[in-house]
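Given next are the chains, with one letter for each unit.
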Amino acid sequence: MTDDQRLLFGLERLIDDDDDPDAPLPVTLRDDGAAPSADRSNGAAGVDLTRALPHLQVPDLQRIGRRFAPHGRVGVKKADLCATIAAVLSSPEGLDAVIARLAPIELELLTELARRGGAADAWELATQAALRGFPAPPVERRPYAFNRWLGNSGAEAYLKPLVEDGLLVRGGSPAAPAGVGVFDDAWVGADSRLLARLPMRRPAPPAPLDLAADGAAPVVAPAAAPHPAAVVLEVLDAAHLVLDLGGVPLTRSGTIARPFVRRAQRERPLRAWGMETLLHTLFALGLMRPPSDLAASGRAHPWRLDRDELAALLRLPPYLAYAAIVDAACRVGDGTLDEAWSEGLYGAAPTAALRRSVFDALTALPSHPVALDAAAAALWRGPLVQVYGWPDRHGGTGEFGRRQPSEVAAVLAGACVRLGLLATSAAPRAFGGAPSDPPEPQSIAPALGARWYAAARAQLLGRALPGDDPPDLGAAATRPASTALPDAGGGPAAGDAPAAGDALAVGGTPAIVVQPNFEVHAYLDRLDADAISALTCATAVRIDLHTAVLEIDRRSASRAIDLGRTVDGVIADLRVHAGAVPDNVERALRDWAARRERLRVTLDAHLVEFADEAARDAALPGLGRARPVGERFALLAPRTKPPVGERHRYGDPPERGIAIDRAGALRVTGPLDLAGRAVVHALTRPGSGAKRVFDPGAIRAGPLPGGWRDALRARLAAAPPAHVDVLLRALSGDGPAPALQSAVLFRHPKASAWAQHPRLAPHLTAALSDAAYLVEPAAVAPLLEALRELGFAPDASVGPAPGEATAGLAAGASAPAPAGAPAAAEPVDALIAGLSTRRIRERLEEAIAGGHEVELRYTAERERYGRYGRTLRARGRKRTARLRPLLVRYRGSIPYLHARPVGGGEDDEELIRIGYIEAIAVLA
Amino acid sequence: MPKRPRPSSPARARVASGTAAIGAADVPPLEGAAVAVHDGLALIEVADPADLAALLADPRLAELVLARIGENAAVALPQVAPRLLLALIQAGHTPTVEGDP
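Respectively, the protein sequence lines represent chains A and B. Using our numbering, you'd call the opening residue of the first sequence number 223 and step up by one each time. Using our numbering, you'd call the opening residue of the second sequence number 68 and step up by one each time.
In case anyone wonders, no lab produced these hints; they're calculated from the structure. Here a beta-carbon is modelled for each residue, glycine too, at the ideal position from N, C-alpha and C.
A short, non-exhaustive set of chain B residues, derived as facing chain A with CB atoms under 7 Å:
#1 PRO95
#2 ALA100
#3 ALA101
#4 VAL102
#5 ASP106
#6 ALA109
#7 LEU110
#8 ILE111
#9 GLU112
#10 LEU133
#11 ALA140
#12 ALA148
#13 PRO149
#14 HIS160
Modelling step: build the complete structure from the supplied sequences, incorporating the hints.
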C-alpha cells in the first residue's frame, strides 16, 4: 500500500462538515489510570495473563508459547499451550529466562511499565522509549483494515509485537483488571508476576536534542514565565469561584453552560480569557462531583466542588500539586487545535496524547533559549515522529509519514507557556491565528515549571530510587501540608509545622503580607502547601508571574469556613505565614464568622410536621437525633426513617388537592403541601360547609408576594373557571378591573354596507353587528363631516322608537338594552325604509304634532269603479315628494294621510294611503 | 416556511412544576392528619426573627421562599436552592450551608 493510499484510507472516519471548532467542548473527567499517583501499585495487582489464554486462538497461543518457552515442547492443543504458558508464569526461573531473552527495547518498555506501577498509557510508553533513543521498529506489513489499534503509528510498532507475544496486555483483554474495557484501548499492562521479576534500575535520561544556541533568536528571560505556584493559585481560585457560585451546571451534551461561563468571566475579569480552560481543568483534576441524579442537567442540578478532593490536592507539596494540574491540562481540549490534529495525518492519536508527549519531551530541550520553530522541528524529527509517524517495513518512517504537523509548535507556544513550563520571548501564539507578515521569530527556553514537572514525574513514576536526594526545588516547593486536620479548630499541629514566625526565617521575608486594607500580597516562590491553604480565606484579584494580590472579604472568609476551617484557624494560619495580621482585619474576620452563624441553610432537609408543639415535643425523643424547628416541626437527621404520615416530596410536582367550582367556591379535595395550605389559608375564608370562598379584601391587601396564583394553579385538580381566574387577577392587581364606558355607535339596518363607502370606511372599523359599528372617539368628528358631505345631517337627538333602537343590534349585541331605556338617537333627514304601517303612522303623527315636514317615498293609490259600481283601489305610480303632513284619518280600518306638498296650496292636498308609504324621513 | 415553535413560557413551566414560590406566608396547622413528612426542602433558619423578616422583605429572596414555618424558619423548594444560595450571597449574607442537594 502506498502512502497516498494509506492517507486515503486514513479518511475512513466520516468527516462531519458541521463540526464547529469553536463549539464548546464536553468536560473531560479525570482518568485515574493516567493521573500521577503516589500509589505505584496501580494496575499491577490486577493483570493476569492466564485469564486471557483460553480466549486466544491456537496460532496466537503458539506465538506466546514460543516467547515464554522457546526451547520446550509447546504443544499444538489449546489446553497444552495454556498449561505451558501458565507454568512459565508461575515459575520464577522461567520468568527470569524470559527476561534474559528480552531485547533492549523490550526490557526498556517493560521496566518503564513496572516503574509506573504496571499500567500505562500506550502513547506515553512509546514516547519514553523514543526519548531514550529507541527508534520505532519495523513492522510486518498487514492488510490495513487489521492494523487499527493505535492507527498504524510508531507507537503501535513499539508495542504490538509485545502484545502479540503476551508480554503486554491491552485494554479490553480478559487479562486486564476489572474496569479496563474495550474502550480503554490505549491502556497497556503486563502480567504482574513478570513485572515483579524485572530488575529495577534508574532509567537513562532522555537523549538531548541537538539544538545549538541561536545567536539571532530573540532573547528569552526565563523569569518571564509564570511561576508554577501561580498556576496552582489560578486553579485554586477557579475552585473557590465554583464554590461561591454554587456549582457548575452542565448541558445535556456535557458542556459547561454558557451563561455560567459568562458569569464566571464577569466575576474574574482579569482571567476571563482563560476561564473556560480553568473550569475544564477542575473537571479533569477530579475536583467536581456530579449531582445525585446523573441524568439530570442544567442549573438546578449543578456539579459541585468536591471539598475532600480539593483538600487532598492542597495537602500535596506545591510541585506535586503543580504536576497534577499539568497532567490534567493534557486532557483539557483546545477546540481549534484538537480539530486540526484529529483531521490531520496523525489524527488517530488523541490530542491529549500529543500534549503529554510534548510535555515529557521538554526534558530533551537544552537549557538555553532556542527558536520555537527549530525546537518544534527537533522534537518532531527526534522522538515524536517515532511515536506518531507511520513506520514502514524497512524501519523508521516513510517520507509521507514524517511530515511535521504544526500542532507541535502550537502546544509549545500555547499550553507549555501558559502552564509555566516554557518561557517565551513573545506573547503566546494562538493556534490557527493569522501569522504576522513576516512571521515574528519566537524563542523558548525551559522555565522553572519544567524543572518542577520533571521532578514530580520522576518522583511519581518511580524513576527516583530509594536513597536519592529530594529534588532541588527549594524548601517551599517540596514541603507538604502539615498533618493537622482542618477541623481540629486550630492551625498547624505543634511540632508538625513551622511555629508562628518561622515563615520569616527564609531571608527575613514572609510568604504573605496582610495589609490593613484587607489586601493580601503573596510571594509565589515562598509559598508552601500550608501557605497556599492559608490563602483560602482570600479571593485572588491579580496573579502575576511571581506575585499575587488577593483580597479578604466576607464571602472569602465564609468560604474558608465552608471548607472546614474555623475563624481561629484562619487567623492563626495568616499569622504563621504573614508574621502579623492587622487588628481591623482580625476583627472583621471574627465579625463575619459570627454573622455567618446567624443564618443556616440546610439542603435536602426532611421535616416532620405535627399538629401542635405539644405533639412535636412528645414525639421528638422517638425520632433519633431530630431537632425542633419552628413551632411544630422537627428536622430529621440524615438517613433517619421518618414516621408514618402524610408524605410530600418537593422534588416532584405537588399534589392537586384543590378544586374551584363555577360559583368561585374553593374546596380542599386532598392532602396539601405547605405552599398549598398557606395559599388557601391566606386568600380564603370559611364558606358554607366544607367550602371556602375567596376573600376579596385579603387578596387586595396582598398578603403574599407574586407567584401565589401559579402556586394555586399548580395545586388545582382542574383549571379554574375563566370568570374566576379574571376575578382573581383583577382583585390582586395582576389584571385590569372591569370598567363601563360611553360609546358612539353608527347604526343603520345596513351599516355593514355603509362601512364599505370609501369616505366612511376609515371611521367604521369596529363592527358590533351588521347594523351597528362602534365609532372611536377620535373618529366621531371626521365621520360626521363625511356624512354631511354625503348629504346627511345625522341628528343624535331623534332616535328610534323604544324597542326599535336595538333591532339592528340584536344580532350581535351581548346584552339587549334594558326596558324603558331611551332609544338611541337616529340620524335625521334620512329616509328610513322597512317600517311597519303602524310605525309610519306614529312618525307621521309625531311630525304633525311637531310641525315637521316629511319626505315620503310612496305609491299613489288609484281608484276606479268596477262593473257593478264598486270602487276598486290599486297601486299607482311610485313617487318621492316632500310634504307637510296635516291629518291622519281612517277609511274603515285603513289609515290615510292628508298632506300638502311643500310650496303647494290647499288645492294640492293629497290623500296618501299610509300602507303604501315605503320610506319616510322626518325633516327638521 | 414552518412556523417556529413558540418558546415555552417560564410562568407555564413554573405552574407545571409547582415551583412558583409564594413568600412569607404562614402555614396553618395540619387538618385531617396527625403527622406530615416534607421531603427534600431547603430549610432556612436564623438566630433572630428580625433577621428572617429582613430577609423576606428583600424581593429577590422572598420570591424564592416557599413558606414560613416559624418565627425563625422558612423553607424553599429544592429546585431553587442553588439560586437561593446565590441570592443570599449576592444580598450580602454568608449562610452556613449544610447537607447535600
